[in-house]
Structure formats: structure tokens, C-alpha cells
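*Asks:* As given, the protein sequences belong to chains A and B, one line each in that order. Note that this note's numbering has the first sequence beginning at 1, numbered continuously upward. Note that this note's numbering has the second sequence beginning at 1001, numbered continuously upward.
Don't read these hints as lab results, they were simulated from the structure. Be a bit skeptical, because a hint or two may be false.
Result set (DSS-like, lysine-lysine): computed pairs, CA atoms no more than 27 Å apart in a straight line [what the hints assert, rightly or not]:
#, chain 1, residue 1, chain 2, residue 2
1, B, Lys1004, A, Lys72
2, A, Lys72, B, Lys1003
3, A, Lys83, A, Lys23
4, A, Lys83, A, Lys154
5, B, Lys1004, A, Lys23
6, B, Lys1073, A, Lys72
7, A, Lys142, A, Lys72
8, B, Lys1073, B, Lys1004
9, A, Lys23, B, Lys1003
10, B, Lys1095, A, Lys154
11, B, Lys1073, B, Lys1107
12, A, Lys23, A, Lys143
Each chain, letter by letter, is given below.
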Amino acid sequence: MRTNLEKEKNRFSGAVINEMRIKLPSLSVNESVARSVVAAFCAQLDPSACEVADIKCAVSEAVTNCIVHAYKDSVGIIYITVKLCEGRTVRVEIRDRGRGIENVRLARQPLYTTDAENERSGMGFTVMESFCDRVRVNSQCKKGTTVTLYKLLKNRE
Amino acid sequence: MLKKNCTLELDGNREELTVILRGEIDHYTAAWVRSEIDASISELRPKRTVFVLSEIDFMDSSGIGLIMGRYAKMQNIGGTLAVRDPSDRVERIFKLAGLERIIELEKGEKNNEN
Ligand SMILES: Nc1ncnc2c1ncn2[C@@H]1O[C@H](COP(=O)(O)OP(=O)(O)O)[C@@H](O)[C@H]1O
Ligand SMILES: [Mg+2]
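Chain A with its partners taken away, still in its complex shape (with noise of 0.2 Å):
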């Protein structure tokens, strides 16, 4: 018998079709270089106007957060990998070598910052949950952060 887990997993885990890899510095000035990369690779599935800007809308957060926080007081390396798979699904890699996040399912929770001086909102996940079908984050303090977006697209006509 399968569990929904392992359900919801093969909804995602078609073989991939086309892949890019971009290594980015952590710039402020790179979040929207990122966002617009990603979605012009993305523009081969011919996803609709909506659903490119949730995919820019998430990468965009995702990548942010590994500029104020990953790599809060240095310059680190952002890596960012785009898999175009089997089924219409997108799925973007974001991955710092920073801090890390002591506790993951806080961290995912709604208004939840640890930056409120610099009036970050704590909605960056829930941005990324909303305008995602799914969100993978893996952590480990010290050694840095993957997440992973995973978006749908429609069948077009």
C-alpha cells in the first residue's frame, strides 16, 4: 500500500527534460537577475502569465533569504538549479552554504522572523507555500539551506 507521502512524492518525480545550473553571489542586486533567469527558462513549458509570476514571486523569496540570512554578515555562493520534467513540472533547487535554520518548521511558520529590524515580515515561506504546489527545506546549522519549489504548470491548449 502506498502512503499519501510517497503519492504526493510521484506526483513530482517526473524524469527531467531540461536542466540549468546558475551560481549566483549573494547580491541584493541578484534576486531579481535570479527570478527573471529562472522564469525565462521556464518560458520552453509555455506556463501561463499567473503562473510565471508565482514562480518569480517564490524564487524570489527563497533567494532573498539566502542573501539576509544564509549569508547575513559575508558574501557567500547562491546555487540554483531548474529541472524541467515529464508532466509539466518545475522544480527550482535553491541552495546556500550558510547559517541554516535551527528550527525548520518555525522558521515555516507564518510572520515567523528572526530579522524584524530590518522589517524582513516572516511571510517569505508562506509566500513561497502559496504560490508553490510544493516546498521542500532542508537545513543543517552551520553547514547551510536547500529549498525546493516545485510548481505544477496547467496543460495548455
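Keeping the supplied structure of chain A fixed, place chain B with the ligands upon it in accordance with the hints.
*Replies:* Just chain B with the ligands, lined up with the frame of chain A:
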């Protein structure tokens, strides 16, 4: 100086400060417009600040922080804050944080697709 894909227009008096933002609001552009807007609020001490957001074509959660921060600043000087004509998308992001419960949302005749 690096190019910013966001522009800011400030216009106001003691009664009302109008803040027109165009382009993209993210952590990078928010940090810059924040200091400009705060300088205006401190100087004018208006009764009301209105953010016109009809020409925003991208916003992430940095926009929530930007509005919340200016809201707190207006409260400090006994004033109010309103957001005018956000697109459905921008409004949806504000609503994720429950912003519509504390901030006045003004919607004009303008159609907001997207
Ligand atoms: N890549 C990361 N590295 C380290 N900490 C992170 C990372 N991403 C998120 N966090 C932690 O999770 C919290 C919540 O993130 P988020 O929902 O995006 O809100 P915000 O960025 O506004 O604080 C952050 O305040 C931070 O403590
Ligand atoms: Mg964030």
C-alpha cells in the same frame, strides 16, 4: 551605482503624502525607497500617507515589510496610511499577512488584471 528596476515619486504636503511606486518591489528596491519615503514623512509629518501601487509589476514579501514599517511610522506621528489600486496579485500577498485588517485599501475604477 547599479540600476534599479523601481521608481519612486513623492508628492505631498502637511495633509497628505502621495507615494507612487512603479516597477518591482523586492528586498533590494525596498531598502532604497524606504529611506527616501521615511525622510519625506519625517520632514512633512503628514496626516495621511497614500501608497499608489497600480503600476507595480512585481512584489514579494518585502512589500509587506515596506508597508508595515511605514504604517508604524505614520502611527508614531499620529497619522494614517492607505494603499491605492494594488493589482489582485499584490493584494493577495498583503492578505496573506492580514494587512487588509489594519490598512485601508482604496480601489479606484481602474481594472486590475493579473
Ligand atoms: N536560507 C536561509 N538560511 C538561514 N536562515 C533562513 C534561511 N531562510 C529562512 N531562514 C530563517 O527562516 C525565517 C523565516 O523566513 P521567511 O519566512 O522568509 O521570513 P523573513 O525572511 O521575512 O524573515 C527567517 O527569519 C530566518 O531566520
Ligand atoms: Mg524571507
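*Asks:* So, for every hint listed, does it hold in this structure?
*Replies:* Verification of the supplied hints:
no. : hint                     : verdict
1   : B:Lys1004 with A:Lys72   : 22 Å, holds
2   : A:Lys72 with B:Lys1003   : 23 Å, holds
3   : A:Lys83 with A:Lys23     : 15 Å, holds
4   : A:Lys83 with A:Lys154    : 17 Å, holds
5   : B:Lys1004 with A:Lys23   : 21 Å, holds
6   : B:Lys1073 with A:Lys72   : 26 Å, holds
7   : A:Lys142 with A:Lys72    : 12 Å, holds
8   : B:Lys1073 with B:Lys1004 : 25 Å, holds
9   : A:Lys23 with B:Lys1003   : 21 Å, holds
10  : B:Lys1095 with A:Lys154  : 25 Å, holds
11  : B:Lys1073 with B:Lys1107 : 23 Å, holds
12  : A:Lys23 with A:Lys143    : 18 Å, holds
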